[in-house]
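Colleague: Here's the letter readout for the chains.
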Amino acid sequence: MQVHLNTIHKQFGSLVANDEISIQFEPGRIYGLLGENGAGKSTLMKILSGYQQPDRGEIALNGVVQHFATPRQALAAGVGMLYQEPLDVPVFTVLENFLLGRADDGQRPQQSAKALAQLAGRYGFQVDPHEHTRELSMGERQQLELLRLLAGGAEVLILDEPTTGISAEQKDLLFASMRTLAREEGKTLILVSHKLDEVQELCDYAYVLRKGRLVGGKQLPCPNQELVDLMFDELAPRPARQTAPGDVLLDLQHVSARTPRLELEPVSLHVQAGQVLGLAGLEGSGQELLLRACAGLLPLSGGSLRLAGEPQPDWDYPRARQHGVAYLAAGRLEEGLIAGLTLTEHMALVSNAHGLLVDWLQNRQLAAQHISTYQVVGQPESYIENLSGGNQQRFLFAMLPQNLKLILMEHPTRGLDIRSTDWIWEQLDRRRADGTAIIFLSADLDEIAARSDQIAVFSGGRLLRSVPAAETTADELGHLIGGAL
Amino acid sequence: MDSTQLIAIFGSILLQSAPLIIAVCGETISERAGIINLSLDGSLLLSALAGFAAALLTGSLLLGFLAAAAVGAIFALIVAFGSLHLRQNQVAIGFVLAMLGDSLSAFLGQNYTRLPGPSVPAWHIPVLKDVPVLGPILFRQDAVVYFALLLVAATWWFLFRTRAGLELRSAGERPEAAFTRGVAVRKLRYIYAVLGGALVGIAGAAYSLDVKIGWAEGHTRGMGWIALAIVIFGGWSPLRGALGAVLFGATKALATVLQRSFPQVALVAFNAVPWLLMILVLVLVSGRLAAPLLAQAPAALRRPLRGLLQAAPPAALGQPLDDN
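Residue numbers (numbering that gives the first Met the number 0), protein chains in the order written: chain R, 0 to 484; chain H, 0 to 323.
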């Protein structure tokens, strides 16, 4: 089925997610849709699959203009989307998930189960119709969703980052089935990804989005460099900075950690007092795990951690706090601040005062004082959720204790304007000069290149390389990020 | 105590449990679709009064039950509307309605207190009533008991064996997944909340027209909270819920017998027995003990046993819907 997206425009508030994108997909081919996080890939595909409606522009299938109000309508017209986290019902059985939302075809459950098993067999998938979906691995849940979409009549299949969190064998199986679907069954396949090697391996053609715009298309295979050039802005030259490294503050030896979705393979790294370590990598490459392990929020599954030369066998978050380690999570309002409390109440919470009663007057003064020193736009009585992102981040910094040894940060400036970003890094530089070590991760390569002394690059749960920031180039980072080495 | 007496006790336990079973089925349907209707206690009281008053005034039992069902449905509709359209907290609305129903029934019921009124006649099923043991327990009852038993089977069958039931459960488990598959989540939540509420209303009338005939202030007070607890105990399954309701009735009956044998122990202590038993069962079923117990079971039985034992609430229970 031929897909034609014509001048699709979608805006969220002041953010333009899709800027007049026109793009065409032909049947029997596999397309890659590349771009950084926030480039607009997911929005565009959600529009094509009926999950969101465009502000302007139209969708044509085989030359016929379509309007999708719901994903169901899109699937009825032949467009199905497999979401990064499969949209299934975990407590249902495989068969129940397969049947939910499908028109009654008059089949008995046993017949449907048989049909499902047959369909699965065609693509080499193994499914047990009566197993509970929550017992399945991510890869198996994907296979189930794929089968459901196919049974629902999908001619155009969109797969959003399907290889995150699945095993290598499942990935090979998935790719093989995608090839079968395109080559033998003439379906149109779209792989949304930011992993260059996957797109090179599987796709015939790649479209690249950047900042909401379609910036180009390439026949594949082609040199990775050409895709990297399209995907990333040219990295700004790093401003010269003198570093005065102190003693080794945090020393990680063969540290590993795991979550149900990802395993971090043993990492050995160290950071010196007054040094900034930047963790680069696509989302879900393992750098988040390392940071949370350093903060004591994720138990080490192996290896050892030394802080200022002392071994820390029972590292956990309270201990980390005691030792002067602070952690700022990416979710400011989820993990960092408490929606529903005012700035004064936040001050009272973090104060070390004991006793039954809260000294409101003192905390209010403290809040007012921080508001003026940290240039927060807000009042002591303001509820924290009513502040802008930049001001929330400023206030988070205001609440950090003085004399920290180590600051750990996820996306310290995500969603902030330039003024706030610069201000935050000024504050961090000041602390750094006092001997505080900083480890941060960011999706913004510019930020990592410009602000770090040392850069560690992660891919697929592995530390690929750790290099002094002065010795790496923009090209190299872009390459490594794409997993090309 | 001879066997006839025992059989009579079992029959009476079943009758006493029937309204509870109906209310538990209604609430289970509503909660499975994602709407927690906490107004049960007030809704039962007001519908018990409405059922009794309507039957008394019209002389028709059927109209009595219909009036009660309407009251229950309206209460549920208020909860659903408040949650789905006004985006208010379901628990808060339900709580307020529970108290409103209680007070309103006391106020409106003043003129109906302790009046003789119509009641559901006994209806023995031919042939089946003569089956030994089971006959007297199950088939020498009245329409309310038969309705309760059929309702349990029908609810279970609907929830777990039909396509519509599948959609109902998906609305309460993962509405965003249901939405992508074209399930009209908001509509379904309205329908099943109101249906569940109507059943709660019928349960109210089952008290005032059958099990505890008549009306007095606070006539069914407490039964709504008990029904809500039994829904949880029942793991949101009508079968286990009905079992819980009967178990509750049985332990109550047992407590009465025990109290006669041990008069030195206060009656309130025996009244706590059903609750202690429920907590014990819940700990056994939902705690860490369940997994090792399951591992001991033969492989062929593991899957059905797991389905029976697991008691997680619908994942999206009580949550508002996103706007899409």
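Derived from the structure by calculation, the hints contain no laboratory data.
The structure displayed is predicted, hence computed values, not measured ones.
Treat the hints with care, since some could be wrong.
[Said to hold, decoys possible] Chain R regions said to be covered by chain H (calculated; three or more residues, Cβ under 8 Å):
1) 116-122
2) 166-179
3) 209-215
[Unchecked claim] So, partial list: chain R residues that the calculated Cβ filter (under 10 Å) puts toward chain H:
4) Ser48
5) Met80
6) Tyr82
7) Phe91
8) Gly151
9) Gly152
10) Glu154
11) Arg430
Where is the CB? At the ideal position from N, CA and C, for every residue including glycine.
Colleague: Could you run down the list of hints and mark each one as holding or not?
Modeller: Evaluation of the provided hints:
1. Remark: the segment 116-122 of chain R is not confirmed as covered by chain H, as 0 of its residues place a Cβ nearer than 8 Å to a Cβ of that chain, below the required three.
2. Residue count for the segment 166-179 of chain R with a Cβ under 8 Å from a Cβ of chain H: 0. That is fewer than the three needed, and the coverage hint is violated.
3. Under the rule that three or more residues need a Cβ within less than 8 Å of chain H, the assignment of the segment 209-215 of chain R is violated, with 0 such residues.
4. For Ser48 of chain R, the interface hint holds, since its Cβ comes within 10 Å of a Cβ in chain H; the closest pair sits about 8 Å apart.
5. Hint status for Met80 of chain R relative to chain H: holds, with the closest Cβ pair at about 8 Å, below 10 Å.
6. Taking 10 Å as the C-beta cut-off, the interface hint given for Tyr82 of chain R holds, the closest approach to chain H being about 8 Å.
7. At a threshold of 10 Å, the smallest CB-CB gap from Phe91 of chain R to chain H is about 7 Å, leaving the interface hint in force.
8. Checking Gly151 of chain R against chain H: minimum C-beta separation of about 9 Å stays under 10 Å; hint holds.
9. The interface hint given for Gly152 of chain R is broken, as the beta carbon of that residue sits about 13 Å from the closest beta carbon of chain H, more than 10 Å.
10. Nearest Cβ of chain H to the Cβ of Glu154 of chain R: about 18 Å, over the 10 Å cut. The hint is violated.
11. The criterion of a C-beta within 10 Å of any C-beta in chain H is not met by Arg430 of chain R, whose closest approach is roughly 40 Å, and the hint is violated.
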